[in-house]
Amino acid sequence: GESVGLHLPTLSVQEGDNSIINCAYSNSASDYFIWYKQESGKGPQFIIDIRSNMDKRQGQRVTVLLNKTVKHLSLQIAATQPGDSAVYFCAESRSNDYKLSFGAGTTVTVRA
Amino acid sequence: EPEVTQTPSHQVTQMGQEVILRCVPISNHLYFYWYRQILGQKVEFLVSFYNNEISEKSEIFDDQFSVERPDGSNFTLKIRSTKLEDSAMYFCASNLQGTPGTGELFFGEGSRLTVL
Numbered sequence: 001g002e003s004v005g006l007h008l009p010t011l012s013v014q015e016g017d018n019s020i021i022n023c024a025y026s027n028s029a030s031d032y033f034i035w036y037k038q039e040s041g042k043g044p045q046f047i048i049d050i051r052s053n054m055d056k057r058q059g060q061r062v063t064v065l066l067n068k069t070v071k072h073l074s075l076q077i078a079a080t081q082p083g084d085s086a087v088y089f090c091a092e093s094r095s096n097d098y099k100l101s102f103g104a105g106t107t108v109t110v111r112a
Numbered sequence: 113e114p115e116v117t118q119t120p121s122h123q124v125t126q127m128g129q130e131v132i133l134r135c136v137p138i139s140n141h142l143y144f145y146w147y148r149q150i151l152g153q154k155v156e157f158l159v160s161f162y163n164n165e166i167s168e169k170s171e172i173f174d175d176q177f178s179v180e181r182p183d184g185s186n187f188t189l190k191i192r193s194t195k196l197e198d199s200a201m202y203f204c205a206s207n208l209q210g211t212p213g214t215g216e217l218f219f220g221e222g223s224r225l226t227v228l
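Keeping their order, the protein sequence lines are chains A and B.
The first sequence runs 1 to 112 under the numbering used here.
The second sequence runs 113 to 228 under the numbering used here.
Looking at chain B on its own, in the form it has when it is part of the complex:
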């Protein structure tokens, strides 16, 4: 069964450092997403991406965050200068057709970011 893969599974970084989280969405999917989950809390939407553009973003997704699809398979989330409160599990997701109501959203297993 096709799946969304994420690397690294866990990253520890110092406050102020840049972090890049990587995702390989399902190959024929066209819409890509990042969500995050602070430990013990609910999953929160960060950003959606389609056709090399951000289609929607949340208030969490400030200027410290950026996303990119550098090639035909990878989708990355960059945090320029990490803060302690960025510590969370970051989930990449993808779907084929767009808005959640148009098709199942598939999530990766997540990348745990720990900022010290």
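Here chain A stands alone, though its shape is the one from the complex:
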């Protein structure tokens, strides 16, 4: 069945370093992918998205990479800050579907 998952449940990173969070998806029909950040006690917050006709998209301090060949998605955070500490979820969707399918989440902890 379809699933979206993350390779590692936790990531500890030194403040100022770059972070890379990975996600594997299995549904080749997915054509829209999103990264969400969830801080403790809050709802998911949109970070960045990418469509399947792209392989890279950049935002402010974040970059999403999509490799459709191996069904892999990654989020890169540049110069990680304490405020980046959160759980990060990838999610996928297909055209004409209303639902998002979320992965299991990676907890990022930024060390001072």
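Don't read these hints as lab results, they were simulated from the structure.
There could be a bad hint or two in this list.
[Said to hold, decoys possible] Which bits of chain B does chain A cover? Going by a derived footprint, with three or more residues having C-beta under 8 Å, they are:
(1) 148 to 157
(2) 208 to 222
[Unchecked claim] Straight-line distance between alpha carbons at most 20 Å, and here's what the computed SDA-like set of lysine to any residue pairs gives:
(3) B:154 with A:46
(4) B:154 with B:199
(5) B:154 with A:41
All residues carry an ideal CB built from backbone N, CA and C; glycine is no exception.
Got chain A; can you put chain B on it based on the hints?
What follows is chain B alone, placed relative to chain A:
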């Protein structure tokens, strides 16, 4: 910045009781959603709603669940007879244009439901 608001933030109920979770989506949004997150697990889609109809629902959204837009601002999730496994954080979400690929989905801060 406009936001999705949810009430209550936390509700404790006895098994078998009815629960209604309330949401006020962003005012000009047209598509509404409920998701849930069991503690420590991933966020799961429950239902989407547009034009006073369910547009899509998951296998989790069985006959015990219902949604309603009783007026121009509220969007509710009702669980008729709660079970222990309904304990979770329930997130309401909304967007303007429809399927996730058409526009950012905004989530509320969630309502934590604890069933005893």
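Checking C-beta pairs, does the region 208 to 222 of chain B have three or more residues closer than 8 Å to chain A?
With 11 residues close enough to chain A, the hint holds.
Below or equal to 20 Å on CA atoms is what counts here, so check residue 154 of chain B against residue 41 of chain A.
Holds, at about 14 Å.
Closer than 8 Å, Cβ to Cβ, for at least three residues: run that test on the region 148 to 157 of chain B against chain A and report holds or violated.
holds (count 5)
Measure nothing beyond the straight line between the CA atoms of residue 154 of chain B and residue 46 of chain A; if it is 20 Å or shorter, mark the hint as holding.
15 Å, holds
Would the pair residue 154 of chain B and residue 199 of chain B pass a check requiring their Cα atoms to be no farther apart than 20 Å?
14 Å, holds
Every hint from the earlier list agrees with this structure, and none is contradicted.
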